[in-house]
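Peer 1: Sequence:
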Amino acid sequence: MNVQVLSIEPGKEKGTFNVAISIGDRQHSFTMKGETNIIANKELHAIMGDKDFWEIFKFNQHLAQEVYKLTAKVYNGKDVQLPMAIGEFSIAEVSPAFLQI
19 MNVQVLSIEP
29 GKEKGTFNVA
39 ISIGDRQHSF
49 TMKGETNIIA
59 NKELHAIMGD
69 KDFWEIFKFN
79 QHLAQEVYKL
89 TAKVYNGKDV
99 QLPMAIGEFS
109 IAEVSPAFLQ
119 I
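With the sequence shown counted from 1, adding 18 to any position gets you this note's numbering.
The hints are simulated quantities; they were obtained by calculation from the structure and are not laboratory data.
Mixed in with the good hints there might be a few duds.
[To be verified] Pairs of lysine to aspartate or glutamate, EDC-like flavour, derived with a Cα cap of 20 Å:
no., residue 1, residue 2
1, K69, E84
2, K87, D68
3, K69, E27
4, K87, D97
5, K51, E61
6, K51, E84
7, K87, D70
8, K96, E53
9, K32, E53
10, K91, E31
11, K96, E27
12, K87, E53
13, K96, E84
14, K51, E106
15, K32, D97
16, K96, E106
17, K30, E53
18, K51, E27
19, K30, D68
20, K30, E61
21, K76, E31
22, K69, D97
23, K32, E61
24, K69, E53
25, K51, E31
26, K87, E61
27, K30, D70
28, K96, E61
29, K69, E31
30, K91, D68
31, K91, E61
Quick caveat: nothing in here was measured; it's all calculated off a predicted structure.
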């Protein structure tokens, strides 16, 4: 199933983003959170997905990484052209969360 990131919009809370993704003919919404930490005088940015994101993409980590990269670009103020196809969702080992949502 083709996966597309449809939109990444700022959330209500600072550092959060509402991410809309289509997997095949299903649309899903997730909340992603960005954090910045200082380590050895350098900024380190981290993006984390909500529980539903983790459940759906746990067997498709290559796609999760693409979503993280795009969200990080938005978090860092870079322009991202959406919608964007990011790959194929493997259903060889589908998460039960995917079937329920």
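Peer 1: Each hint should be assessed against the structure and marked as holding or not.
Peer 2: Each hint tested on the structure:
1. K69 to E84: holds (17 Å)
2. K87 to D68: holds (16 Å)
3. K69 to E27: It holds: about 19 Å lies between the C-alpha atoms, which stays within 20 Å.
4. K87 to D97: Between K87 and D97 the Cα gap is close to 12 Å, so the pair holds against 20 Å.
5. K51 to E61: Given pair K51, E61 holds - Cα atoms ~16 Å apart, limit 20 Å.
6. K51 to E84: At roughly 15 Å apart (the allowed maximum being 20 Å), E84 and K51 satisfy the hint.
7. K87 to D70: holds (18 Å)
8. K96 to E53: holds (16 Å)
9. K32 to E53: Distance ~10 Å between K32 and E53 Cα, so the pair holds.
10. K91 to E31: With Cα atoms ~18 Å apart, K91 and E31 stay inside 20 Å; holds.
11. K96 to E27: holds (13 Å)
12. K87 to E53: Satisfied, since the Cα-Cα distance of roughly 14 Å is no more than 20 Å.
13. K96 to E84: Holds - the C-alpha atoms of E84 and K96 are around 15 Å apart, at most 20 Å.
14. K51 to E106: violated (24 Å)
15. K32 to D97: Between K32 and D97 the Cα gap is close to 19 Å, so the pair holds against 20 Å.
16. K96 to E106: The given pair, whose Cα atoms are some 25 Å apart, is violated under the 20 Å limit.
17. K30 to E53: holds (15 Å)
18. K51 to E27: Roughly 12 Å separates the two Cα atoms, so the pair holds.
19. K30 to D68: Status holds; Cα separation ~15 Å.
20. K30 to E61: It is violated: about 24 Å lies between the C-alpha atoms, which goes past 20 Å.
21. K76 to E31: Not OK: K76 and E31 at ~25 Å, beyond 20 Å, violated.
22. K69 to D97: Measuring from Cα to Cα gives roughly 27 Å; hence the hint is violated.
23. K32 to E61: holds (18 Å)
24. K69 to E53: Answer holds: K69 to E53 is near 17 Å, not above 20 Å.
25. K51 to E31: Since the Cα atoms of K51 and E31 sit roughly 9 Å apart, the hinted pair holds (cutoff 20 Å).
26. K87 to E61: With Cα atoms ~16 Å apart, K87 and E61 stay inside 20 Å; holds.
27. K30 to D70: Holds - the C-alpha atoms of D70 and K30 are around 18 Å apart, at most 20 Å.
28. K96 to E61: Holds, because 16 Å separates the two Cα atoms, which is no more than 20 Å.
29. K69 to E31: Holds, at about 17 Å.
30. K91 to D68: holds (18 Å)
31. K91 to E61: holds (15 Å)
Of the numbered hints given earlier, the model fails hints 14, 16, 20, 21, 22; all others are met.
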